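Chains as they are written, first to last, in the working numbering: chain A, 3 to 895; chain B, 14 to 121; chain C, 5 to 130.
One or more hints might be untrue.
As the list claims (entries may be wrong) - Calculated cross-link-like contacts (lysine to aspartate or glutamate; reagent style DMTMM-like; alpha-carbon spacing at most 25 Å):
#1 A:K841 - C:D94
#2 A:K670 - C:D67
#3 A:K670 - C:D76
#4 C:K50 - C:E20
#5 C:K63 - C:D76
#6 A:K706 - C:E34
#7 C:K63 - A:D729
#8 A:K670 - C:D96
#9 B:K75 - A:D305
#10 C:K63 - A:D802
#11 B:K75 - A:D302
#12 A:K706 - C:D29
#13 A:K772 - A:D784
#14 A:K706 - C:E20
#15 A:K799 - C:D41
#16 B:K99 - A:D270
#17 A:K799 - C:D38
#18 B:K75 - A:D240
#19 C:K63 - C:E77
#20 B:K75 - A:E236
#21 A:K706 - C:E115
#22 B:K75 - A:D271
#23 C:K63 - A:D671
#24 B:K100 - B:D43
#25 B:K100 - A:D302
#26 B:K99 - A:D271
#27 A:K841 - A:D749
#28 A:K841 - C:D38
#29 C:K63 - C:D29
#30 A:K662 - A:E833
#31 B:K75 - A:E71
#32 C:K100 - A:D749
#33 A:K645 - A:D671
#34 A:K799 - A:D729
#35 B:K100 - A:E807
#36 A:K841 - A:D782
#37 A:K799 - C:E20
Claimed, not checked - What follows is a set of in silico ranges between Cβ atoms, one per label pair, in the way DEER data are often shown:
#38 A:F517 - B:A92: 40 to 50 Å
#39 B:K99 - A:D240: 34 to 44 Å
#40 B:A92 - A:R593: 48 to 58 Å
Source of the hints: derived by calculation from the structure; they are not laboratory data.
Note that the structure is predicted; figures quoted are calculated from it, not measured.
Idealized CB from N, CA, C, for every residue including glycine.
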Amino acid sequence: MATLNLLILVCLAYVILLFGVAFIADRLAATGRSTWLRSPLVYTLSLSIYCTAWTFYGAVGYAARSGLEYLTIYLGPTLVMIGWWWGLRKLVRIGRSQRVTSIADLISSRYGKSNLLAVCVTILAVIGVTPYIALQLQSITLSFGVFVDSDAMGEYGEHGVVFWVAIGLAVFAILFGTRNLDANERHHGVVTAVALEAVVKLVALLAVGIFVVWGIAGGVQETLVRIDTSRIGEWQVDGGRWMMITFLSAAAFVCLPRMFQVMVVENDDERHLRTAAWAFPLYLLLISLFVVPIAAVGLDLMDQTDNPDMFVLTVPLSQGREGLAVLAFLGGFSSATSMVIVAAMAMSTMVSNHIVMPIWLSSRSGSASFSGDVRHVILLARRISIAAIMALGYFYYRLSGGGTALASIGLISFAGISQILPALVGGLFWRGATRTGALAGLTVGFALWVYTSLLPGMGTGVLSASVMMHGPLGLEWLRPHALFGIEGMDPIMHTVLWSLSLNTAAFCLVSLYTFPSPLERLQGAQFVNVFDHSTSPRGWTGSVAQAEDLMIMSQRILGAHEAQELFHREAELQGAWGGHLPEPTPQFLDRLERALSGTVGAATSHAMIGQIVGGSSVSVEDLLAVADESAQLLEYSSQLEAKSAELARTARQLREANEKLTQISLQKDAFLSQVSHELRTPMTSIRAFSEILRDAESLTPEEKTRYATIIHDEALRLTRLLNDLLDLSVLESGQVSLNMRGGTLSDVLDRAVSPALAGVDRPLVVHRRKSNEAIALYSDLDRLAQVFINLIANAQKYCDATDPELVITVHQMGGQLLVDFVDNGSGIPPEAQSLVFEKFARVSAEKAGGAGLGLAICREIMQRLGGDVTYLGGVSGGAFRVTLPLANEMAAQ
Amino acid sequence: MSTEDPDSGTSGLPPVFLERQTYRRRRLMDAARLLPLLGVGLFAIPLLWPMSGNSSLTEPVKTSGAAIYLFIAWAGLIAASAWMGKKTQGWIRGDQPPPDAGRAQDHG
Amino acid sequence: MSRRVLLIEDEPNIVEAIRFLLVRDGWQVEAHSDGADAVEVVVAAKPDLVILDVMLPGKSGMDVLRDLRDIDETKGLPVLMLTARGQSRDRDMAEKAGVSRFMTKPFSNAEVLTAVRDLHAQATRS
Chain A
3 MATLNLLILV CLAYVILLFG VAFIADRLAA TGRSTWLRSP LVYTLSLSIY CTAWTFYGAV
63 GYAARSGLEY LTIYLGPTLV MIGWWWGLRK LVRIGRSQRV TSIADLISSR YGKSNLLAVC
123 VTILAVIGVT PYIALQLQSI TLSFGVFVDS DAMGEYGEHG VVFWVAIGLA VFAILFGTRN
183 LDANERHHGV VTAVALEAVV KLVALLAVGI FVVWGIAGGV QETLVRIDTS RIGEWQVDGG
243 RWMMITFLSA AAFVCLPRMF QVMVVENDDE RHLRTAAWAF PLYLLLISLF VVPIAAVGLD
303 LMDQTDNPDM FVLTVPLSQG REGLAVLAFL GGFSSATSMV IVAAMAMSTM VSNHIVMPIW
363 LSSRSGSASF SGDVRHVILL ARRISIAAIM ALGYFYYRLS GGGTALASIG LISFAGISQI
423 LPALVGGLFW RGATRTGALA GLTVGFALWV YTSLLPGMGT GVLSASVMMH GPLGLEWLRP
483 HALFGIEGMD PIMHTVLWSL SLNTAAFCLV SLYTFPSPLE RLQGAQFVNV FDHSTSPRGW
543 TGSVAQAEDL MIMSQRILGA HEAQELFHRE AELQGAWGGH LPEPTPQFLD RLERALSGTV
603 GAATSHAMIG QIVGGSSVSV EDLLAVADES AQLLEYSSQL EAKSAELART ARQLREANEK
663 LTQISLQKDA FLSQVSHELR TPMTSIRAFS EILRDAESLT PEEKTRYATI IHDEALRLTR
723 LLNDLLDLSV LESGQVSLNM RGGTLSDVLD RAVSPALAGV DRPLVVHRRK SNEAIALYSD
783 LDRLAQVFIN LIANAQKYCD ATDPELVITV HQMGGQLLVD FVDNGSGIPP EAQSLVFEKF
843 ARVSAEKAGG AGLGLAICRE IMQRLGGDVT YLGGVSGGAF RVTLPLANEM AAQ
Chain B
14 MSTEDPDSGT SGLPPVFLER QTYRRRRLMD AARLLPLLGV GLFAIPLLWP MSGNSSLTEP
74 VKTSGAAIYL FIAWAGLIAA SAWMGKKTQG WIRGDQPPPD AGRAQDHG
Chain C
5 MSRRVLLIED EPNIVEAIRF LLVRDGWQVE AHSDGADAVE VVVAAKPDLV ILDVMLPGKS
65 GMDVLRDLRD IDETKGLPVL MLTARGQSRD RDMAEKAGVS RFMTKPFSNA EVLTAVRDLH
125 AQATRS
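Please model the entire structure based on the sequences and the hints provided.
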């Protein structure tokens, strides 16, 4: 007979073997030589953690109690797997493209990265999985009990065994699941060990089954007869339960955190699903194939008092097949341990990522330099989480008394975990699903499940018998097993019906009512349309190409020289020599990211490095951050542009103003200087001659007369100058009063020609065409005549032809009257043309009679009269054009 | 479900006639989708069978018979799934749509 | 001892006034009214003293003075400069250009005579 000590030894040896396998697998994965580790076969086998000790032991017990109903537990996952094209493919693609670490992460990611939702899912999962872990503890304890009983060594107390089993599993899970912290949450070692355990449990169960069919019953036919004559010999299932449990197991298959872990998180290649789609159902078929025969034979052979849950062990033992029994025990042990390890791993990821880390980070906000010890904190958080989860399982087991059949505990757990389903499926297929809706659905479903299933399942210690019988506070319609007065339903059906239907209803209605945030909508689109956004899945590429890719990218962003320098420095830091590229270590990537972010912004550089190193597609958050950054950059640069344009404009204005000021100042200086000159010159003559007249003796009367005339003329010149200056000043200041009246052009010209030529020795010949000049004017005719006089006098003064002539022509053009004064002289040299209208500008000083203000005054007058006077450059001879508005135009104003 | 399927004919301008190969693929994809529904149907059939206790007219079905039916149905589904997996293995690589179907998808 | 003065001035009335003064004081006065060829006229006339207006047509008196100072024959020639602008800047420029005496219009006749006599005396003394 196997002793308990031997059994423990076997267990320890088995655990050490698993450790070895996991260790080797991790090493192989690290060196990148583990292609078979990432084969579809390992993936399929790892899915078998669905088959826990509940399957291994409980299925036979289930069959012994309820016949073929146990099959529903496997039919559900089978349907999910063969329907992978509908849902699993999408789930896996999303999980990979969004770098999802757990089901809580997926839900939170889908609904706008809401941590509240993640916390809710985590709590739900912890509470939902706790009974399941209790189930594993119970099954291991029971299986130990079988050997202890048969060994007649009962000094091991039942609770003591459970306690030590819990401790052992916790240590096991901690050692396995938190040995290292993989960036993408993949655990090749664990998955390989789980695959090995899958083989062990299948082999064990098949061995027991074959022994029962051919060793005990004596063949297939005999077995079938035994089945039909047994207590479960007739087809008798509750149709509702049959459908409900099939659905429930399908839902749980997708929602269970440990299933999500192996199916989505640990998935290396999406194409593995194709194989698993048929291989995993085959596994399920094989593992459930001999359940009914074992149950039937067990019922036949064993006592009524024997627990049918333990037939897998007790039947071989009763036949003296201890070796087979130990193998079966190992199979059950494998089922329990693999489930607990993966579940604890998955749960600890959720708890540490969504509960512990946010609290820890917020508790030490402000200190940004924690990159060194954050890994340590995460690992510690995960280890504590695992211990806590195991403790919860242990206490649930103690609370529930351990008496309930395995199957019913499992179903309670399934019902709890499947509350995630509406939010999950809605999130995958319905873009309208919102965070608030998901929260509402989860809350409603979770509350109903706790009230109708979990609390009653924990025995009378939590909910009193009166509550069960009459409802809380005597409200009959709130009885946990008969909500709203619907009685007589199977409890699990009752729970699932109410919780899931109200969960879905709340989820849909609240989603319809609420409006999602932008991030939610983007994530929703990303999830629902994942096949458009994500690139096709690729296997993990080695790190050799990465360094080159990083180099190429960095060169593009930083420039070749700087990038090469950076990489060279890094390579030296890493101890590489001779132009080797540095390994993409986290420290290097960190520094590179910072270097790049200086150029392209933090989010962009993070996303780009992530793209190259992780091979993953950029998350929406990354894209949003990138968009934000570029928008900010754009805005910033456009602001800069606007500012610099404004600055340039201001500078130009300032420059112009400065130039104008300088010009005005220079003009003022020049003007004053000119005025001074123009005043002093006649005054010099006046003073000199007046002194001569006063002082000189013996002046002839002719001399006296002449000098007095000079004094008189110069005095007149001074007066003229002062008049001109005053005239100009009045005109420029705009204070001139115009005496507007009607008249004809010919009259004005008549009045101008004769005074202009009066008193001249050789008057120039003026040519006019009077017929053209009969044009009505409305203007200040005196001022206009002044202008004409000035122009004619100028021609008289400056025309250097031997026979000076002046032609006055008149045109009308576009409501304007043009009067041209063209002489036959050499005209004004081009360089002086622009100066003639300036004050004191005299082309030739020799003949200067006036002060040089005439043309300046003319221009001022004409501008006051709404016209202008210009010099016509393209004409031979001096040519001035006077522009005037016509009378009707002026009248119209 | 067009969002899921790189190969279904739900684009804005679906070609009326497809190449024979593409056509076969589409139908195979349809079959793959229908498989779980077939499974639901197969697994629901036993609920129609007479059971012990609720009908005295017909003799209840034996558990062995029920089990044989269920396992055969199950195995059939697995075989069909495996066959389809094998058929689609070559061209689904990387989930790239076949060249003649490489066009924009319609997502309502 | 010759007493010849060359007067370069474009205002005929001022020329007449100065000529009247200097002739009565016993000077031989020649007049020229243009700046452009003033230097050649000075060189050709070889006067004992030049009276030079600043505002001349053709060439400014300042430039004429600078040119005169560049030529050996006229380097030490006494030059009396007259200006109507009356700005201190002109005086500075003229002194830099090497003027012998600078006077602002309007001047008194006595001033002109004194200046001419002084300058001539200085020139003959040296």
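Do the alpha carbons of K75 (chain B) and E71 (chain A) lie within 25 Å of each other, as the hint requires? holds (14 Å)
For K99 (chain B) and D240 (chain A), compare the CB-CB distance with the range 34 to 44 Å and indicate the outcome. Between K99 (chain B) and D240 (chain A), where Cβ atoms are some 38 Å apart, the hint holds.
Would the pair K100 (chain B) and D43 (chain B) pass a check requiring their Cα atoms to be no farther apart than 25 Å? holds (13 Å)
Checking one constraint from the list: CA of K63 (chain C) to CA of D29 (chain C), max 25 Å. Satisfied? violated (30 Å)
Between the alpha carbons of K841 (chain A) and D94 (chain C), is the straight-line distance 25 Å or under? Holds, at roughly 21 Å.
Has the given pair, K670 (chain A) with D96 (chain C), been kept, meaning a C-alpha gap of at most 25 Å? Between K670 (chain A) and D96 (chain C) the Cα gap is close to 21 Å, so the pair holds against 25 Å.
Hey, K799 (chain A) versus D41 (chain C), does the alpha-carbon distance stay inside 25 Å? Holds - the C-alpha atoms of D41 (chain C) and K799 (chain A) are around 24 Å apart, at most 25 Å.
Can the restraint linking K99 (chain B) and D270 (chain A) be considered satisfied, given a maximum Cα separation of 25 Å? Roughly 20 Å separates the two Cα atoms, so the pair holds.
Given the hinted pair K662 (chain A) and E833 (chain A), is their alpha-carbon gap at most 25 Å? Given pair K662 (chain A), E833 (chain A) holds - Cα atoms ~22 Å apart, limit 25 Å.
Between K706 (chain A) and E20 (chain C), is the straight-line Cα distance small enough, at 25 Å or below? Holds: K706 (chain A) and E20 (chain C) sit about 13 Å apart, inside 25 Å.
Quickly compare the C-alpha distance for K799 (chain A) and D729 (chain A) to 25 Å and report which way the hint goes. holds (22 Å)
Measure nothing beyond the straight line between the CA atoms of K100 (chain B) and D302 (chain A); if it is 25 Å or shorter, mark the hint as holding. With Cα atoms ~46 Å apart, K100 (chain B) and D302 (chain A) exceed 25 Å; violated.
Hints 3, 7, 22, 25, 27, 29, 32, 33 and 35 from the list above are not met by this structure, while the remaining hints are.
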